[in-house]
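So the sequence lines, in the order shown, correspond to chains A and B.
For what it's worth, the working numbering labels the leading residue of the first sequence as 1, then goes sequentially.
For what it's worth, the working numbering labels the leading residue of the second sequence as 1, then goes sequentially.
Read the hints as simulated data drawn from the structure, not as lab findings.
The beta-carbon is built from N, C-alpha and C at its ideal position, and this holds for glycine as well.
Any given hint might turn out to be false.
Said to hold, decoys possible - The following residues of chain A were derived to be distant from chain B, with all beta-carbon distances above 12 Å:
(1) 54
(2) 117
(3) 147
(4) 267
What the hints assert, rightly or not - One-sided excerpt, in silico: chain B residues whose CB lies under 10 Å from chain A:
(5) 59
(6) 60
(7) 97
There are 2 protein chains.
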Amino acid sequence: MPVSLKDLPKNRPSMTSSPSSVAVGIDIGGTDIKAGLVGCDQSILERRVIPTEASGGPNHVISRVVELSNDFKQIAVRRGARLAGVGIGAPGSIRAARGAVVSPPNLPGWTEVALVDPVSKAVGVPVTLDNDANAAVVGEFWCGAGRGTRDMAMLTLGTGIGGGVVLNGALWRGRHENAGELGHKIVIPEGRVCKCGQRGCLEAYASASTTAQRAAELVAGGRKSSLCEIVGRGDTLTSKHVCSAARAGDALAREVWEETCRLLAVACVNLQHTLNLERIILAGGMSAAGDDLLRPVREHFGRQMWADIGDRPEIVLAELGNDAGFVGAAYLALKHAGVAVGAATGGR
Amino acid sequence: MPVSLKDLPKNRPSMTSSPSSVAVGIDIGGTDIKAGLVGCDQSILERRVIPTEASGGPNHVISRVVELSNDFKQIAVRRGARLAGVGIGAPGSIRAARGAVVSPPNLPGWTEVALVDPVSKAVGVPVTLDNDANAAVVGEFWCGAGRGTRDMAMLTLGTGIGGGVVLNGALWRGRHENAGELGHKIVIPEGRVCKCGQRGCLEAYASASTTAQRAAELVAGGRKSSLCEIVGRGDTLTSKHVCSAARAGDALAREVWEETCRLLAVACVNLQHTLNLERIILAGGMSAAGDDLLRPVREHFGRQMWADIGDRPEIVLAELGNDAGFVGAAYLALKHAGVAVGAATGGR
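Based on the sequences and whatever the hints tell you, model everything.
Next comes the structure, spelled out in structure tokens:
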């Protein structure tokens, strides 16, 4: 019997028999390429992380993707499984019609880079391409914290805040394929300037980096805090510092951390009034804070949202960590190939 | 050829030949019952408005609904059309399983009142029941400002702010059937107390009544304004007063009106980042302000939202006015009966 994703120890492939159909999932990041061979039964047969070597340019990165895919293809063959395709999640805007990625923020110098055609030609299977944030949402939906739901959203709290919405079991893309930009919902009109150019975005307050930045500004403004020591020795403040100091009772850190959690809760309230979801998942680097994040977000949600208990979504932490992207990319490849996938029914 | 809704003069039934299938649409309000006989081809064959006489109690109101429905049924028979059903839009929460409405705010003394069974028994056709706000959204979607879209939202600006979301051509109800509560999205965290108990809801700032209320508070606070005259002679300020005074250049009124439009634009920006819609409709009493509402909302949207033009929804005014509710209720009845409806494909 295949081992399910949740039971599998990290970074160790399962040694069990294979599912009939499998797909390669590839998650291209600025630093690493995370990849895996994923079965239609939600099992991960093989998992690998290699450096992106983005400085080598697009063609070099494509050759690394091809090499990984061909390795996985051989593994699939050895196991007697049918390789349904390769799914790629990439940062930046996707031009689906041209199978290309446009100006990914973490891959400097990439303007428009076609990925689908060269990989498909070199590997000999269909290739699907999607945004890395979409892939991660679909991954959690299929195999992680979203399992068993039909209607959910995810907030990915990293340098920025990514997001995604699954409705009726499928990623909701919207009219211009630009839905789920949940980090750019305005939570404080005319508030802090966001990197996107808007003012008052959730991302301008409650991402890992802007949480740290708000604390750093208060420290620079002369407020007393245990964080002054970290800044004093020349280290850059992180959201982890803020969270730890808040837990230890530092007043400045608590104020900043509570504000982050309060505004994340506002975003959850607004999602709920708009879409009435089953579940909202907090993911990304900052979700490693665990209960220190989850508890106050839930509390602020409870204080701000209507009291009617039946109406509330579960607010939970993501489960797949760095696997979410390649698992979701593989899922989209399986769906694209018309393979019946285990448990969840979504994606498109 | 049937006359389409948009070409039809108000309050005059068309005298043309009938569509094959028709439904009665009933919109129960606190003051009036608005009703019509609507064809599957989007034509209104007959339209009627009678006082609700809510003080007579639930049974009296039900008898009025039955009487109206039977009148319309006879008209359908005379015209040789098949009456597919009766659709009712009612205020308050709907208990779909029991065909009942619960504690409608505009019908004092109604606790849980079953509507589906008594009307269905007395009229002899299937009866569908939905929230009046949902019915209005579906009405505009099918025959009004939403025609031709698949993905849209509507903000109904009245005493409160109602709303609704149509995705993939169907009303999005969500997990607990409570989606589309767009008036209770929080736009100013910890802001003004809303009637719903939350703080900082859109409805607490930008409904017709809260717009007037914010102006009244500034007048009461001693600010100079042409509105002081209206208050001075004992009249109650309305959003219409505020809009007119703003147009005439009154500084206080402009400030209040701009704030309303700015926060409506924030709500539109947030809807767009979440769902990436084709169109957002401004409806309800305050939409009678026309361009005085539409222009500044669009301007504030343009100033606050990403500049990428291809990503923007059309922001438009509703077209059906008071007809939207009964048209949408009839649409839901037609869909329920499995009748193929003209043009739009949505609802469920």
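Legend entry - Contradicted hints - numbers only: The structure breaks hints 4, 5, 6, 7; every other hint is satisfied.
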